[in-house]
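K.L.:
Given these sequences and hints, build the entire structure.
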Amino acid sequence: MQCSASLDVLFLLDGSYSIGKGSFERSKHFAGKLCDALDIHPDRVRVGMIQFSSTPHLEFPLDSSLTKQEVKERIKRTLFRGGSTETGRALKYVLRKGFPGGRNSSVPEVLIVVSDGKSQGSTAMPAMQVKERHITVFAVGIKFPRWEELHMLASEPPERHLLFAGDADDAANGLYSALTGSVCSTTAPGCKVESHPCERRTLETVKELAGNYVCWKGSKQPNAVQASVCPFIRWKRVLVKYPSRCFRTVCPDPCDSQPCQNGGTCVPEGLDRYYCLCLVGYGGDFHCAAKLSPECAVDLLFLLDSSAGVTLEGFLRYKAFLKRFLQAVMGQDSPMNVGVAQYDDDVRIAIELGQHKDTLRLMKSVDALNFSGGRTLTGRALQYIAEHGFRTTPVFADVQDDLPHVVVLLTDSKSQDSVVEAPQYMKDQNLFLIGVGSSFMRAELTKVTGNPQQTVVYSDPQDLFNRIPELQRRICSVDNAEGCQAQSLDLAFAVDASSGVGPENFLRLRHFVRSSCLHFSISRDVTQIALVVYGSRAHTAFALATHTSSSAVLQAIDQVPFLGDSASAGSALLHIYGDVMTVQKGARPGVNKVVVLLTNGGGLEDAAAPAQQLRHSGILVFVVVVGDSQRDTLLGVAGSPSYLVHISSYEDLQYYQGFIIERICEEAKSPVNLCKPNPCMNQGVCILGPGSYRCECHGWEGPHCESRVLRGDSPRSPVLPPHSHVQWSPRGLQHFSRAFQHTKRH
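Going by the numbering used here, the final residue of the sequence shown carries number 1753, and the count climbs one at a time with no gaps.
Check each hint, because a few of them may be wrong.
Claimed, not checked - Computed Cβ-Cβ distance ranges for the label pairs, DEER-style:
no., residue 1, residue 2, range
1, Ser1556, Ser1372, 32 to 40 angstroms
2, Lys1104, Pro1204, 37 to 45 angstroms
3, Glu1201, Thr1272, 21 to 29 angstroms
4, Lys1199, Arg1051, 48 to 56 angstroms
5, Gly1571, Thr1074, 52 to 60 angstroms
6, Cys1237, Arg1103, 51 to 59 angstroms
7, Gly1029, His1546, 51 to 59 angstroms
8, Gly1585, Thr1272, 41 to 49 angstroms
9, Asp1260, Glu1428, 31 to 39 angstroms
10, Gln1469, Gly1029, 35 to 43 angstroms
11, Gly1634, Lys1434, 27 to 35 angstroms
12, His1203, Arg1051, 25 to 33 angstroms
13, Lys1104, Glu1276, 34 to 42 angstroms
14, Lys1676, Glu1394, 35 to 43 angstroms
If you are wondering where the hints come from, they were derived from the structure by calculation, not from laboratory data.
Computed from a predicted structure; not experimentally measured.
Note that CB positions come from ideal geometry on N, CA and C, so glycine has one too.
P.N.:
Written out as C-alpha cells, the structure reads:
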C-alpha cells in the first residue's frame, strides 16, 4: 500500500544524547520502513530529512533523491551527531526555512517527528504555529518516550497521528491509513481503515517503600533523644503501558480463496497478487497442478503393509503418500494401470489392477482402505501377489497383458516370516519389485528386492514425500536400465585420489568408474569419456578424444595410479573447465556435457566457484560424496539437491550406480546450446545461427579460430554446416572430429 499523491514529506529525526546512537539507528530503520508507505517520485511524493539536537542540520533536501531506494540509502548513511534535545528550535527552523527542496506549500506538507519527547525547551508554541501553517504533523515515539509532549506535537486527532517506532510495520500501515482519505487517494477496492487496540509504552520514575528503619528524633526534654521507626523510600524506573487505539488499513488477502491446489502454500504479493509454493511432484501450472507425467506404460500394483508393526500412524502416512503419488503421476490419459493390495496375516487386493482410470475414484478407493493390525508376513504377501496380483478377470479384459508388471512394496516393519525367496518369486513371474521404507529397513528391503538399486529409502516421515520423483524414475526405468547407449554425450569423471580417500577406497572409486563405463557406447559419434584424478593438483588420465572404444577406456582406467596428496576439488574442476571440456581436447559442440565428481567430501572448500563456472558454460556437475560432509558445502558445489548423491560408505557405492547413470542419461536428452561451452579457440566469439553456429575470430582463422593468420589478410569466419537443429547427428559429429584432427596435423 503506497500513498501516490503529490506530497512533500520531511523527517525530523532526534539525534540528541538522550536518544543515543543505538536508538538513532533504530530511528533511521523506522524512517526507511515508513518510506515503504510512500510512492517516492519527483512528481508524486518527495522526501527530505533534518537531524536535530542542539541545532538542526539538513541531511538532504526533498529534491535531492529521485527514487525510494536513493532515499533509503541517504537515510542509512546519516551519522549520529549528539547534543541536547532542542525540539522547539528544530520546529522554528522549519517555520523559518520551510521544506527545503519542497514545492512551497503548493502541495500538502507532512512533518514526521521521530523523538523521545524529552525536549529541553518549550515546544508548545512552535508546535501550534507549525500546525497553523496547515502542515500535518506525525509524532513518532522512540525508545521510552514522554508521550504527553508527543501528544502536543501531533496533529488532530492525535490517536491517528501518534505512532510508535517499536513496531515499524504497524506504524507504516498507520501512516498510510492516516493519509488515506485526506492527501492520498482512497484505499484500494475491498480495503478499509479500522481501529484496533494498542498500547503506548514508556519508563516512569515512581516512589517505592523499601521498608522501615530505626531512626532517632529529638525530645522535649533537654539532652535527650527518642528512638522511632522511619520509612525508607527509594526511586525506581518501571515500564508503564497506556492502553490506546491505533488505526490500520485492512485488505482482503488474495490467498483467502485458497487458490493453490494439491497442498500448495499460497504466498501473497501485494494486494491482489500471489504465488504458490508447490509440494514435490507438483507445479505443472501456477496453481500447483500435477507436473509429473510418466511416459511409461506399466501395470502398477502397490502393496501396503497394514500390520501392527507399521502402526496406524504409519499406515495412514502410506495412504497419504500413495494419494499424493497418484495425484502427481496420473493424468487424464495416463498409460498406467494401478491396483492396490494390503497385507498383514493375509493379503487382500482392495483395488483390482485397472479398476479405476479416473484419478478421483481411485483416490476415494484408497481413502476407504482400513488398518487391520495383524502380523507382518511380508514373504507370504509377496508370494501371493506374484501368483495372483496380475491375473486379469473378464471385467478388466481391456487391461493389456504385454505391459511390464511392477510391484511397489510400502513397509516400515521387519518381516516375521522369511523373505529370502521373494526375489525368486518375482523373477519367476517376470515381475519388477521396488521396496519403499525408512532407512532402518534398508538391509531388509535389499534382501526383499534382491537389488539395492530397487529400493527407495527415506530418512524421516516428511522425506518420504520428497521421494515421489525417485519412485517414478524407478518405475519408469523398468525397460531402460542399460544406460544411454544411443545418446551423444561428453562425460568426464573427476576422482579424488588424495590421502583422505586412501589407496583401498581409491580402488573402489576406480572400479565404480570402470563398471559405469560399461553402460555407455563409447565412440567418436556417441559417448566420449575422460578421466581426471586429483590430489592437491589435477592430472588428466585420458582426454575425451583419447580412446574410441570401451576396451581401450577400461584398460586405461586400470592403469590410473593413486596420488596420496591433500585434496583440492576446486583445482580438478578448474582443470576440467580449461583443459578437458574444450574443443582442443575433443569436446564436441552440440553435445551434452556432464562432470561426475567422486569425493569423500574433503577439499571442497574451493570447489563452489569452479562448479558454477562449469554450469554457466552449459556443463552439468554431479557430486557423488562418500561419508560425512557438510551438506551446505556439498550443495554449493552441486548447485541443487538434484545433482547431489550422498552415500554412507564405499561399500554402498555400487548400489547407487544405476541411479547415477539414469540421472546422467536423463540430462543427456536435454536441449543443447551450441555455443556452450564456447567451441571457438583463441578468444573467438561464438555466434548462434538457426541450427548452427560460427566463430568470429581475431588474428586467427578456421572454423574454430584454430589457425593463426600469418599474413596481413583479414581473418575469415566461415559458417559451420547445420548438421541438425540443436544436436548434431552422429555423421555430423564424425565430420567435426575428422576435420579437427586434420587441423591439428597441419
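K.L.:
Compare the structure with each hint and give your call.
P.N.:
Tested hints:
Range check, Ser1556 to Ser1372: about 54 angstroms between beta-carbon atoms, so the 32 to 40 angstroms window is missed. With their beta carbons about 39 angstroms apart, Lys1104 and Pro1204 fall inside the hinted range of 37 to 45 angstroms. Glu1201 and Thr1272 have their C-beta atoms about 27 angstroms apart, which keeps the hinted 21 to 29 angstroms range intact. For the hinted restraint 48 to 56 angstroms between Lys1199 and Arg1051, the CB-CB distance of approximately 24 angstroms leaves it violated.
The supplied range of 52 to 60 angstroms is met by Gly1571 and Thr1074, whose beta-carbon atoms lie about 58 angstroms from each other. Evaluation of the 51 to 59 angstroms hint for Cys1237 and Arg1103 yields a pass: the beta carbon distance comes to about 55 angstroms. For the pair Gly1029 and His1546, the beta carbons lie near 57 angstroms from each other, so the given range of 51 to 59 angstroms is met. Taken as a hint, the range 41 to 49 angstroms holds for the pair Gly1585 and Thr1272, whose Cβ atoms sit roughly 43 angstroms apart.
For Asp1260 and Glu1428, the Cβ-Cβ distance of about 58 angstroms falls outside the hinted range of 31 to 39 angstroms, so the restraint is violated. Between Gln1469 and Gly1029 the beta carbon distance is about 41 angstroms. The supplied range of 35 to 43 angstroms therefore holds. Gly1634 and Lys1434 have their C-beta atoms about 34 angstroms apart, which keeps the hinted 27 to 35 angstroms range intact. About 29 angstroms separates the C-beta atoms of His1203 and Arg1051, a value consistent with the hinted range of 25 to 33 angstroms.
Between Lys1104 and Glu1276 the beta carbon distance is about 41 angstroms. The supplied range of 34 to 42 angstroms therefore holds. At roughly 38 angstroms, the beta-carbon separation of Lys1676 and Glu1394 lies within the given 35 to 43 angstroms, and the hint holds.
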